[in-house]
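Protein chains in written order, with my numbering: chain A, 1 to 179; chain R, 1001 to 1179.
Derived from the structure by calculation, the hints contain no laboratory data. Possibly wrong hints are sitting among the right ones.
DSS-like mimics (lysine-lysine), calculated; alpha carbons at most 25 angstroms apart, straight line [what the hints assert, rightly or not]:
hint	chain 1	residue 1	chain 2	residue 2
1	R	Lys1149	A	Lys105
2	A	Lys37	R	Lys1036
3	R	Lys1036	A	Lys74
4	R	Lys1171	A	Lys83
5	A	Lys83	A	Lys175
6	R	Lys1037	R	Lys1105
7	R	Lys1062	A	Lys37
8	R	Lys1037	R	Lys1050
9	A	Lys83	A	Lys94
10	R	Lys1171	A	Lys36
11	A	Lys37	R	Lys1050
12	R	Lys1149	A	Lys37
13	A	Lys62	A	Lys94
14	R	Lys1062	A	Lys36
15	A	Lys74	R	Lys1094
16	A	Lys83	A	Lys50
17	A	Lys175	A	Lys150
18	A	Lys50	A	Lys105
19	R	Lys1037	A	Lys83
20	A	Lys150	A	Lys83
21	R	Lys1062	A	Lys105
There are 2 protein chains.
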Amino acid sequence: KREAKESYSNRGMTLEEDLNETNQFYLNRAIAVIHKKPTPVQIVNVDFPKRSAAVIREAYFKQSSTTDYNGVYKGKYIDFEAKETQSDTSFPLKNFHEHQISHMKMVIDHGGISFVILSAFGSVYLMEAAVLFEFWERKESGGRKSISKKEIEASSHLIPLGYQPRIDYIKVLEKLYFH
Amino acid sequence: KREAKESYSNRGMTLEEDLNETNQFYLNRAIAVIHKKPTPVQIVNVDFPKRSAAVIREAYFKQSSTTDYNGVYKGKYIDFEAKETQSDTSFPLKNFHEHQISHMKMVIDHGGISFVILSAFGSVYLMEAAVLFEFWERKESGGRKSISKKEIEASSHLIPLGYQPRIDYIKVLEKLYFH
Ligand SMILES: [Mg+2]
Ligand SMILES: [Mg+2]
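Full structure from sequences and hints, please.
Here you go:
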């Protein structure tokens, strides 16, 4: 079965690359200051060769205790995580970690804006943190371990895709929180 | 000459360790959600041994394009950099990079709160970004390349030091922006 040309997942760019380009666009146009945090790495061994840059010779990937993206838009603290699935039918909740959920809860409690950007079913969705928490709690109390496509379509916001910016999530935030 | 017992620089902890402890205290008490960003690393080579964790075998330190700490306090975006000097007389501006200054300017333009925490002369100071910009511009236009001790004392805010939290910079922010 051939997918429609516009399907997001067919484009050969990763969600992270597209979000980095989008954030760079927001930065250049003075729309928002939002960055991806560096990948957390546990550094064990470093070489210091004479006359050249230090080389990390042994290091391990660490789990982050927060989400991957944060910054400021119109004075408000913005904080989000981006996740993709290849599944055609649902979004597995194992993509999220307990500590990311509790980080997002704290952000909300402190008056920040938190959400997830989901790449799934050929589209990109913005799901507000409060909505994610409901699906997470359903799982925690023994319910299903994923969010169905139908549920995502009903509870999330389609993000306009384009050339510049690629994933215009600020447009969704603007409607939800700033009008 | 023997320094007073209370001198901050004599305590054997790094500024970063003390700030991490402080941020953890703020997190535990639900005062603020502020984290240090991971050190940015350019990963070149990774081994994937069977049955054990991936090992980074070649990587390099990258310069960050932002400041080191950010988060949310009372709904506001908080963004800062921490720096120390061993000098007794002044704070060298070479501790800051051009891109950090422009990042801080963007944060201010977007309604965030930005500042630097300076460990110098046995004390810890909070200098608001707008004040730092003035000293930076003086340097850029051919003036002195450091901030004198007297200037820091006159233009910055002493941060209360203690056991818990160690460097209570939120107390200073509270007075400056939230009363
Ligand atoms: Mg992630
Ligand atoms: Mg730094």
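Hints, verified against the model:
1. Restraint check for Lys1149 of chain R and Lys105 of chain A: not satisfied, since their Cα atoms lie roughly 42 angstroms apart, outside the 25 angstroms limit.
2. Using a Cα cut-off of 25 angstroms, the hinted pair Lys37 of chain A and Lys1036 of chain R holds, with the two alpha carbons roughly 10 angstroms apart.
3. Straight-line distance between C-alpha atoms of Lys1036 of chain R and Lys74 of chain A comes to about 22 angstroms, which keeps the hinted pair within the 25 angstroms bound.
4. Restraint check: the Cα-Cα separation between Lys1171 of chain R and Lys83 of chain A comes to about 37 angstroms, which exceeds 25 angstroms; the hinted pair is violated.
5. A distance of roughly 22 angstroms separates the Cα atoms of Lys83 of chain A and Lys175 of chain A; the hinted pair therefore holds under the 25 angstroms criterion.
6. Taken as a hint, the Lys1037 of chain R and Lys1105 of chain R pair is honoured in the structure, with Cα atoms around 19 angstroms apart against an allowance of 25 angstroms.
7. The straight-line distance between the Cα atoms of Lys1062 of chain R and Lys37 of chain A is roughly 13 angstroms, inside the 25 angstroms bound, and the hint therefore holds.
8. About 30 angstroms separates the Cα atoms of Lys1037 of chain R and Lys1050 of chain R, which puts this hinted pair outside 25 angstroms; it is violated.
9. Taking the CA atoms of Lys83 of chain A and Lys94 of chain A, the gap is about 11 angstroms. The hint holds against a cut of 25 angstroms.
10. For the given pair, Lys1171 of chain R sits about 29 angstroms from Lys36 of chain A by alpha-carbon distance, which is inconsistent with the 25 angstroms threshold.
11. With a C-alpha separation of about 29 angstroms, the suggested pair Lys37 of chain A and Lys1050 of chain R falls outside the 25 angstroms cut-off, and the hint is violated.
12. Pair hint Lys1149 of chain R plus Lys37 of chain A does not hold up; C-alpha atoms about 34 angstroms apart against a cutoff of 25 angstroms.
13. Between Lys62 of chain A and Lys94 of chain A, the direct Cα distance comes to roughly 17 angstroms. Compliance with the 25 angstroms bound is thereby established for this hinted pair.
14. Taking the CA atoms of Lys1062 of chain R and Lys36 of chain A, the gap is near 14 angstroms; set against the 25 angstroms cutoff, the hint holds.
15. Between Lys74 of chain A and Lys1094 of chain R the CA atoms are separated by roughly 31 angstroms; this puts the pair beyond 25 angstroms, and the hint is violated.
16. Note on Lys83 of chain A and Lys50 of chain A: the hinted pairing is violated, with a Cα-Cα distance of about 42 angstroms set against a maximum of 25 angstroms.
17. Of the pairs offered as hints, the one joining Lys175 of chain A and Lys150 of chain A holds, with about 22 angstroms between alpha carbons and a cut-off of 25 angstroms not exceeded.
18. The hinted pair formed by Lys50 of chain A and Lys105 of chain A fails the criterion: a straight-line CA distance of about 47 angstroms is larger than 25 angstroms.
19. Proposed proximity of Lys1037 of chain R and Lys83 of chain A is supported: the alpha carbons are some 20 angstroms apart, at most 25 angstroms.
20. At most 25 angstroms may separate the alpha-carbon atoms for a hinted pair to count; Lys150 of chain A and Lys83 of chain A meet this at roughly 18 angstroms.
21. Restraint check for Lys1062 of chain R and Lys105 of chain A: not satisfied, since their Cα atoms lie roughly 31 angstroms apart, outside the 25 angstroms limit.
Against the hints set out earlier in the document, violations occur for numbers 1, 4, 8, 10, 11, 12, 15, 16, 18, 21.
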